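**Q** Chains as they are written, first to last, in my numbering: chain H, 1 to 440; chain C, 1 to 273.
Honestly, the hints are just simulated from the structure, not real lab data. Just to be clear, a hint being listed does not mean it is correct.
Stated by the list, open to error - Listing some non-contacts, in silico: residues in chain C with all C-beta distances to chain H over 10 angstroms:
id: 1; residue: L44
id: 2; residue: M46
id: 3; residue: Y47
id: 4; residue: V79
id: 5; residue: F89
id: 6; residue: G99
id: 7; residue: L187
id: 8; residue: L194
id: 9; residue: P215
id: 10; residue: K216
id: 11; residue: V222
id: 12; residue: W224
To be verified - Residues from chain C that face chain H, not an exhaustive set, calculated with beta carbons under 8 angstroms:
id: 13; residue: P155
id: 14; residue: F159
id: 15; residue: S164
id: 16; residue: T240
id: 17; residue: R242
Nothing here was measured: the structure is a model prediction, and the numbers come from that model. Using N, Cα and C, we set each Cβ at its ideal position, and we do this for glycine too.
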Amino acid sequence: MHLVLVGLSHHTAPLEVRERMGITRSMVPAALDRLSQDGCDDAVLLSTCNRTEVYAVAPDPSSMGERIVACLADYRGVSREEIDAALYVRTDADAARHLFRVSAGLDSLVVGEPEILGQVKDAYKIANESRGTGTVINRLFHGAFAIGKRVRSDTGLAEGAVSLSYAAVTLARKIFGDLSSHHFVVFGAGEMARLSAVHFHQHVASTTIATRRQDRGEALAAEINGQVTSWDARFDALVEADILVSATGAADLVVTELEMRRVLAARRRRPMFLVDLAVPRDIAPEVAGMEEVFLYNLDDLRGIVQENLARRQDAVAKAERLVNDEVAAWHGWLRSRAAIPTVVALRTRFERVRQSELDRLAPRLAALGPEARQRVDEITRLMVEKLLLTPTEQLKAIDDHETMDAYSAALRRLFALDEDAAASESERAAAAATPPRPIL
Amino acid sequence: MSLALLYVAAFAAYVWHFSSQKALAGRVATGLLLLAILVHTFVLGMYTMELGVPPMAGRTGAVSTFVWMLAIAYLSVEVSTDERGIGIFVTPLLVALQGLVAHGAMPTDVPQYFAAPFVAVHVGALLFAYASFALACVVGITYVLLFRELKRRTPGVFFQRLPSLQVLDRMNMRAVWIGWLLLTIGLVGGAVWLRDVSVQMADDPRLPHMTLTDPKILMALVTWVIYGVLLASRRWAGLTARRAAWLSAVGFALVLLNFLPVAYFFARSHNFA
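Based on the sequences and whatever the hints tell you, model everything.
**A** Given below as structure tokens:
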């Protein structure tokens with residue numbers, strides 16, 4: 001059996017193609033059913049905004065890859081010409097390496113981002129619950145979860161905020177700890193203000209929007225379930241709030257030093273975290289000198305983000321080494337599985353010989369007591385086990401398919417394993433044809 | 001000496017945890033500190049059984065008991081908050097103080113009036129108060145370090161390793177509150193004890209010095225006033241968390257001064273060993 005990966009990602013496909021090939025979470029079970037109808041019944045479909053990938057197990061990887069591509073194109077109603085250039089097909093160790101890198105966040109748009117591991121787990125869970133997954137897929141994905149976790153805990157690849165909004169939330173948390181009892185105010189209702197409001201609103205007790213454009217403020221408030229206050233009442237809102245993001249398009253300052261002093265006096269000098277994302281700046285730089293105020297502007301946040309990104313790059317080499325180790329372990333396990341049919345046939349053959357010899361000697365053994373007969377049975381079984389131990393280990397350790405096939409063929413021929421298999425098959429067929437004995 | 005080495009091992013593990021942030025390092029650090037505390041408890045317990053009272057009289061006994069209490073106070077904070085970031089700042093203090101008295105002799109005999117219940121209240125409460133102030137000082141210093149990084153807009157190692165300013169502020173104020181209450185109990189306990197044993201100790205040369213003019217007693221009262229002012233200002237006068245952190249560090253400097261040099265070079269009221 002082989003592992004096949006077919007997919008496209010932000011590395012190979014533009015946004016329009018990813019949009020067209022994207023499969024939402026609720027559609028995944030139906031897509032898996034469709035793949036199953038095309039002969040791909042042990043598969044996991046991973047679809048995020050940055051990638052759509054199918055991991056499947058098949059005896060013939062190239063034909064399975066073709067079938068998956070055709071199925072996906074047909075399912076999403078796109079022509080092969082539109083997606084062929086963006087698609088990649090990988091097998092066995094390369095496919096496993098790809099999944100492990102994805103799960104570790106090494107293949108993400110923002111290296112080390114944490115969401116992807118959860119998405120990989122979710123994709124596996126859906127496949128497992130909707131159609132069930134086989135041993136190869138199970139082992140592969142559990143390896144992916146382990147490496148995803150290990151890379152994050154051992155390399156620092158996921159440390160530090162790498163987006164402006166996330167950096168602002170991280171700073172706020174370092175000042176106030178848990179934000180769930182703190183209030184957040186945003187000045188402005190443009191895209192920067194919207195992104196900040198969306199991001200902060202998940203963590204804070206309440207979000208208030210103050211903007212000169214009341215209609216835009218109300219639209220943003222409706223989107224995030226926040227509240228709007230008039231532009232003139234913005235400083236009243238600041239007295240209650242601990243965090244302010246200001247991102248207006250105003251040409252002049254919207255928070256002066258004097259106004260801030262009044263706000264702080266009314267707040268009984270409780271600390272405040274101010275983020276000025278506007279260009280030109282909204283908040284007077286002198287405000288940073290006040291003891292209770294932590295003021296960060298666009299350049300400060302950018303500096304933090306860039307530093308974190310650089311730190312993540314340093315961790316990439318270590319993460320790649322961990323991924324390679326995991327790939328080697330997984331691939332070794334997969335190779336050893338190729339030997340299983342031969343090993344099983346060999347053991348069956350030896351067991352058959354042992355049993356027939358015991359049957360042949362049964363009249364002579366009848367003179368022995370039951371305990372002695374049991375000892376004979378045990379000794380012969382142990383002999384067979386010991387004789388087969390080394391060949392089994394040697395066979396499992398073979399690391400290329402050609403050698404494995406040659407050794408398997410040799411063993412099958414030397415021990416007539418195929419005849420044995422045929423005999424077993426006919427025995428099973430005869431047993432099935434015999435009518436069951438009536439129950440007395 | 002072995003106790004100091006155990007605290008050194010705990011300190012090394014906290015350094016490892018601070019630099020690597022590995023969960024295993026954190027567990028090892030906590031485990032080693034717990035081991036040190038358990039061994040320390042056993043040692044102090046043996047002395048208590050031998051003397052009939054806890055070995056808090058004399059420099060070696062008092063400092064060792066103080067180290068034990070500080071270690072317990074820190075470990076309880078660590079366990080309750082699941083924050084190990086300040087362990088690297090507390091354990092050097094444990095190492096230094098335990099190392100200081102490592103070769104000193106523990107008390108082998110104590111005067112009979114030491115068995116009075118109020119002496120245990122006096123000495124025990126004061127030692128625990130000083131341990132709380134030590135913890136508040138360390139937490140206060142970490143608060144100032146993190147505050148500086150955030151204020152200068154250059155988040156660095158303290159930003160990554162320490163808990164939030166609010167958590168540090170809460171820990172600091174809680175430690176100061178507990179310390180101040182115990183200091184109050186200890187001072188009152190000492191005064192009551194003095195009244196009770198003044199007849200019994202009539203011939204004791206230390207008795208005439210047990211007044212407000214004695215540097216050790218005076219410094220203890222000054223410390224009580226400073227921490228009291230800190231708490232009152234924080235509660236009613238809007239003292240900022242950063243200034244409270246500084247003040248708790250200054251307060252502990254006074255405690256240390258009183259605990260070691262003043263007690264043994266200037267004061268004549270508390271020379272029990």
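**Q** Taking the hints in turn, state whether each one holds.
**A** Here is what the structure says about each hint:
no.	hint	in the structure
1	L44	36 angstroms, holds
2	M46	42 angstroms, holds
3	Y47	41 angstroms, holds
4	V79	18 angstroms, holds
5	F89	18 angstroms, holds
6	G99	34 angstroms, holds
7	L187	32 angstroms, holds
8	L194	42 angstroms, holds
9	P215	35 angstroms, holds
10	K216	36 angstroms, holds
11	V222	27 angstroms, holds
12	W224	26 angstroms, holds
13	P155	6 angstroms, holds
14	F159	6 angstroms, holds
15	S164	4 angstroms, holds
16	T240	6 angstroms, holds
17	R242	7 angstroms, holds
This entry satisfies every hint, going by the numbered hints stated previously.
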